[in-house]
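Participant: Here is what each chain is made of, one letter per residue.
2 protein chains.
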Amino acid sequence: MKEILIKNISIGDELLIGQVVNTNAAWLGEHLSEAGFQLDSILTIGDSENAILNAFDACMDADLVLVTGGLGPTADDITKPTVCKFFDTELEFCQAAYDNLVSLFKRRGFKMSERNRGQAMLPKSCEYVPNTYGTAPCMWLEKNGVAFVFMPGVPFEMKGIFTDELLPRIKERFQAIPYEKRVIMTTGIGESFLVDKIKDWEYALPDFLSLAYLPQYGMVRLRLSGRHEDARLLHETLDREVAKLVDLISEYIFSMQDQPIERTVFELLNSKGMTFASAESCTGGNIAHVITLIPGSSVVFKGTAVTYATPMKTKVLSVPAEMIERCGVVSQEVVETMATGVRNLMEVDFGVATTGVAGPSGGTEENPVGTVWIGVASAKGVVSKRFNFGKDRENVINRATIAAYEMLRQQITD
Amino acid sequence: MKEILIKNISIGDELLIGQVVNTNAAWLGEHLSEAGFQLDSILTIGDSENAILNAFDACMDADLVLVTGGLGPTADDITKPTVCKFFDTELEFCQAAYDNLVSLFKRRGFKMSERNRGQAMLPKSCEYVPNTYGTAPCMWLEKNGVAFVFMPGVPFEMKGIFTDELLPRIKERFQAIPYEKRVIMTTGIGESFLVDKIKDWEYALPDFLSLAYLPQYGMVRLRLSGRHEDARLLHETLDREVAKLVDLISEYIFSMQDQPIERTVFELLNSKGMTFASAESCTGGNIAHVITLIPGSSVVFKGTAVTYATPMKTKVLSVPAEMIERCGVVSQEVVETMATGVRNLMEVDFGVATTGVAGPSGGTEENPVGTVWIGVASAKGVVSKRFNFGKDRENVINRATIAAYEMLRQQITD
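Residue numbers (my numbering), protein chains in the order written: chain A, 1 to 414; chain B, 1 to 414.
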């Protein structure tokens, strides 16, 4: 099966001065891969006729050229006339594009400007592809057997059009090679230790499968993916290899879904009809923040006491001042009392607590920057653990948050 | 003055399948701009000899080609031999690169592998540029008057080498055109209304200045920047134009520094020796989270009660159950009582409270999704305001957080 050659041209001065990061190209690369296609290259250029014409010329060896950007109501002035020049055509009024603009403005209750009206002028020889997400048109043109597709640069519009309109057309026109992936979420083990544990398995993988390590704060996502003309063989091989992988590292896997750990905890608690609350010192409310991003999280999450100032640990969470004095605020005794305190205060099944030194200052010999105590209180009692999450403040906060959810998850499933 | 032509080649399969977003190119674009240079184009390709040779050929019209990626201990196998082919040279052992590797491994306490040793083999004709950030070498080569610079793709290494080693060499070798920028942070006004207020001023700006609107949740950063051979003229013109701009929109400006609003609040409170705490319902701890990312924030921030479950508003913040029953949990009465409650509980100068409907469900006719009440209690009493932040949950949380800080800022400066 012949692989088709796909290139992306990203147009926009804002991409060259670093005002905007080109997330569109990465998104296209990912979604093409998952649909069984491969992106060969990405060429990012500014809003100038010369740069655009050179880029078009450089893509004449491709089968399909996906052009993003350069179609807003201002950049329009350069891109569309340049397209006409390259395709040897001229602009003409497109009724379907105009109707789309009218209905869009009507829906939003805005008045249409002359400049917007001009957005309905399209190259004569193009196929108009509807954009229900915004005012920029989407166009499909061909030259010497090369298909050029022009999409707006606004990510939300580009993604919508590509998914709704373009990908189906591309699949119809070109032959894809079946693709499948599996994601395995791990935590509690660093990337290099993970490599050691699974490298023999990885080396023995069939050619058409590949493994990617995607480390994030305190966890490593493993992505096993492959392409094969025989979709069934691909699927079965993935099943088999994932089973082997799970055997090797089962104690570090918190989900076989590509989702953050707080969602796994949310689903677990929700299925059991149980609740939790947090008492946060060094994580500063981040445990609460990440769970409350999930719609409906109020079913399992009842509240948080961020006791950033030490006296508040006594006042709000009933940690005896004497204990803080005796053991220090970053200690096993204090974190366990905080966890129990918030469990009682918020009347929940699980109380999760953190206390530590996020840095960059505040470290001591006994508790250097990065030291974090995490505790989880439940009907079974309290468990706690001491960690060191390094010197970077944001890193400490994020890794402590993930470790707290992992400890909570273990208590729920125990 | 002749502008030099700079191109970037980004090498790496991971960029084409969307596993990694090319933030390096954006960073280079931004930092070249600020140093008075301009990036002409970015070409992203995979780890293959053919793609690399074609990309090199396509850059022979440039003065300077910045190549990122393709130099890790594995990708190495392709890039370096390809470089030798293109520059008609061969690999030889480089003592300086080897010494750098040895000292790096010594510092980290790791053993050097054979593969790492291979990283000291460099093209004969290259100038070796030290990389103190990692194992990949940085190389400078020339062909027919075009300078090719090879940098590692790991962002932290690339940024370090570029800043420490390369930018000084580039400045020495090529002529920059002076660049200067100013950032004005606004909140409480949408982008389109801002455009209306300042468009006459914007149209009258001299050619060499340009304005960028960079909207983020609930605020708009304005960046006025320019390039001019006469640095003093540029500086004075910026001074004059910024002064005019400030006159037009002073009530919306919260900072002339490029920083988030919580940092402005932190600096204000810190300078006055004052403190605050938050009582959060719909923002779910995000007010606490963003301030605690700032090192030293414990001086001004004392704590938070996230009372996600309604009964906790009564238990922790002393909001009468009768009031919640009578006025509803999303109401002026409740938010003001929460603000006062947390001010008393945490013994601070300012209490900030939020209650609202983050969505996507839970909206009513009276309080549709996106409705948020924000209150600030201080020695002068309580102020409160009702907002609607739209339908997207994350957006509601982020915008409510920024609006809360803006209300707090106004109370501090009042």
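Everything labelled a hint here was simulated from the structure, so no lab data went into it. Where hints are given, some of them may not hold.
With beta-carbon atoms standing in for the labels, derived distance ranges [unchecked claim]: (1) A:T364 <-> B:V102: 33 to 41 Å; (2) B:E142 <-> A:P368: 22 to 30 Å; (3) B:E229 <-> A:Y203: 55 to 63 Å; (4) B:P368 <-> A:Y217: 29 to 37 Å; (5) B:N344 <-> A:A379: 37 to 45 Å; (6) A:L268 <-> B:K171: 40 to 48 Å; (7) A:S361 <-> B:E347: 38 to 46 Å; (8) A:P368 <-> B:E229: 46 to 54 Å; (9) A:P155 <-> B:S48: 56 to 64 Å; (10) B:F93 <-> A:K171: 49 to 57 Å; (11) A:E347 <-> B:Q332: 52 to 60 Å.
Derived DSSO-like pairs (lysine-lysine); straight-line CA-CA distance at most 27 Å [as the list claims (entries may be wrong)]: (12) B:K315 <-> A:K380; (13) B:K197 <-> B:K315; (14) B:K315 <-> A:K159; (15) A:K391 <-> A:K380.
So these bits of chain B aren't anywhere near chain A, every CB distance computed over 10 Å [what the hints assert, rightly or not]: (16) I4; (17) G18; (18) Q216; (19) R223; (20) L224; (21) S250; (22) A288; (23) K302; (24) K315.
Beta carbons are placed, not taken as given, at the ideal position from N, Cα and C, and that holds for glycine.
Participant: Checked against the structure, which of the hints given earlier come out wrong?
Facilitator: As far as the earlier hints go, 2, 5, 6, 7, 9, 11, 13, 14, 15, 17, 19, 22, 23 and 24 are violated by this structure, in ascending order.
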